[in-house]
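*Asks:* What follows is each chain in one-letter form.
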Amino acid sequence: MSQRHVDKKARKTIGVTLGVTVLMFGFAFALVPLYNVFCEITGINGKTGRVSASEVNQRDFDPNRTVVVQFDGTVNSALPWQFHPRQVSMEVVPGKLYTTEFFAKNLADRPVVGQAVPSVAPGEASLYFNKTECFCFTEQTLQPHEEVWMPVTFRVSPDLPEDVHVMTLSYTFFNKGGLTPAQEKAGQGSHATGR
Amino acid sequence: MSHATTHEHDHHDEKPKGFVKRWLLTTNHKDIGTLYLIFALIMFFIGGAMALIIRLELFQPGLQFVQPDFFNQLTTVHALAMIFGAVMPAFVGLANWMIPMMIGAPDMALPRMNNWSFWIMPFAFAILLSTFFMDGGAPAAGWTMYPPLVLQGGKNVAFMVFAIHLMGISSIMGAINIIATVLNMRAPGMDFLKMPLFVWTWLITAFLLIAVMPVLAGAVTMILTDHYFGTSFFNAAGGGDPVLYQHIFWFFGHPEVYILILPAFGVISEIIPAFARKPLFGYTAMVYATASIAFLSFIVWAHHMFTVGMPLGGELFFMYATMLIAIPTGVKIFNWVSTMWQGAMTFEAPMLWAIAFVVLFTIGGFSGIMLAIAPADFQYHDTYFVVAHFHYVLVTGAVFAIIAAVYYWLPKWTGHMYDEKLAKWHFWLSVISVNVLFFPQHFLGLAGMPRRIPDYATQFVEFNMISSIGAFVFGFSQLLFVYLVWKTAKGGEKASSRVWKGAKGLEWTVPSPAPHHTFQDNAPVNDADLAHGSAH
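Chains as they are written, first to last, in our numbering: chain B, 1 to 195; chain H, 1 to 536.
Rather than coming from a laboratory, the hints here were simulated on the basis of the structure.
Source: prediction; values computed, not measured.
Hints should not be assumed to be uniformly reliable.
As the list claims (entries may be wrong) - List of simulated lysine-lysine pairs, DSS-like, C-alpha gap at most 27 angstroms:
hint	chain 1	residue 1	chain 2	residue 2
1	B	Lys-9	H	Lys-194
2	H	Lys-490	H	Lys-421
3	H	Lys-501	H	Lys-17
4	B	Lys-8	H	Lys-490
5	H	Lys-494	B	Lys-12
6	B	Lys-131	B	Lys-96
7	H	Lys-424	H	Lys-194
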């Protein structure tokens, strides 16, 4: 085997192994969105389901079964808002559609955009908690000192395991940043809940 | 890239003159192997010194010698120094020395890169160890660097991340070099299934390295940007997920533990046949077992995080997948025992260490199966049981294999026999004290003593005391090893080229000490010289 031939083969090996290295470095970062997608599909980590209104009420359910849904609203420290649910808990019949409201107020002197991230506990119940309408589906923009009541419409699936009696729907509002001066001038920032 | 292999030397033993030319600029695989091994030994003692301070503090309950924060720095850097500074470089050093000689190659495929990959290491560890002298001290969130705790570190976060980047670059370059060497530089006639098992296990380890070291680099980069640039990969306050970090880390971390142990399997598979005077039992089974362990290592990572609140299906999957690894590992253990069965065994130092490896690594393997049982793991998680488990597989596993390898090949490297009597003292002191050190930690863990903690409740006093005594005897016994190696390098009884009567493989066909340049002419290999030459 001549030296030249070895060099050519070795160069190919090095190319392939370097390629794998770069690919795996990228894979570490790709795991971030992949992880999210995986959790959404499997309902792990408190990621809740989403259904349209027409899908709801299509099957029978036991009108005598009730579970307690607790509500919780927190604001991330970087967001100058007030945020809390109208009621702390609600007794619901799995299979029926319910609506509750959350209150938000912008305490700052400038418009602020927020995004709510929902989480359901216990994790095994999150797959059975379906929202048809939620302020968490889109970003929310509040003008200086603006107050708003935001509805959430949800249905707990009748397939909810028998051993679940209490579940908690928790929202954390995160700061998505203030409006740019140009956006402010254009008067952008409608509320998804204003329908 | 230069090719040291292309210029022929008339005198095979001609070494470059002067310290800088000989060591700093060297592209010789044997010199670089020596550098790696010396570096690993130094890091072994630095990491060991930290371990002894830890055991000193744990000799009694209460705080006697160090403050909790410094204690946490010690546990963190002890692990990083031992894993990335001692065990990995030691195996890379053995690979550098032995792989070209075992496959009949004149040198590694990329000699210049080989030099770089070594000389990055001292800088990486200078950066890491310098954090001890900074405001806020060294990283203290454990070697696993879990957020959110790690994000609360001070300046040391950047130093730790860059040190890990450098170590990663070094290991990746070393791994690419080994793959390129094994795939392209084998002497004519050295087929894949004639390669010594040490070469096989290293080839597979090298593939693991290039697959997972970049993932670790990515994970620590995300920690860096979370800490300094306001990203929120793992920062829950910004919508990130700390559990995501654990998934990414252990996707690296589990293959990493096989990176630490597979070359050890290779070493033991060389030594046992030599001293049992029988060919290795089930050579091809060993190759396939190594490959299946490597494959399985990618799908078991979450057994390190059973307690994060995984769904039941996840716990079951990772539990069964983990237990599956016991099968190829069991194949290896049985093959080693079968090799010894009815062999004409002699018990020189390398064989003693190898036998101790088989027995004690198996204990570590069994405690691993206990930890793999998801419902039981909730009790063991983050206790001293885990500490006992991974020290059995890493100290009496990986480190014992490295020591066995040094005794086995030292006569080939230096041309002198080591002092067998002193080596036996070293062995018996170490093997007894290491069990005094780590075995009681099983009981501590089962009784509920948490790991990484400087103080403990009084019911744990006796076992901690015993463990600390074992630690000091084990630690100081290793000074005997340094003395032995130094003495052998200086002089001693001349070693023959075969050294051990039952040893097989191309490395034993060259004189002792091995000339500076070997196998320059690419001559076809003679099957009779190989351990696995005629079996297929």
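*Asks:* None of the hints should be skipped; say for each whether it holds.
*Replies:* Hints, verified against the model:
Distance hint between Lys-9 of chain B and Lys-194 of chain H is fulfilled; the C-alpha atoms sit about 21 angstroms from each other, no more than 27 angstroms. Annotation: proposed proximity of Lys-490 of chain H to Lys-421 of chain H holds, straight-line Cα distance about 17 angstroms (limit 27 angstroms). Of the supplied pair hints, the one linking Lys-501 of chain H and Lys-17 of chain H is violated, its CA atoms being roughly 35 angstroms apart against a limit of 27 angstroms. Taking the CA atoms of Lys-8 of chain B and Lys-490 of chain H, the gap is near 42 angstroms; set against the 27 angstroms cutoff, the hint is violated.
For a cut-off of 27 angstroms, the pair hint linking Lys-494 of chain H to Lys-12 of chain B is broken: about 43 angstroms separates their Cα positions. Using a Cα cut-off of 27 angstroms, the hinted pair Lys-131 of chain B and Lys-96 of chain B holds, with the two alpha carbons roughly 12 angstroms apart. Of the supplied pair hints, the one linking Lys-424 of chain H and Lys-194 of chain H is violated, its CA atoms being roughly 33 angstroms apart against a limit of 27 angstroms.
Violation of the numbered hints given earlier is confined to hints 3, 4, 5, 7; the remaining hints are satisfied by the structure.
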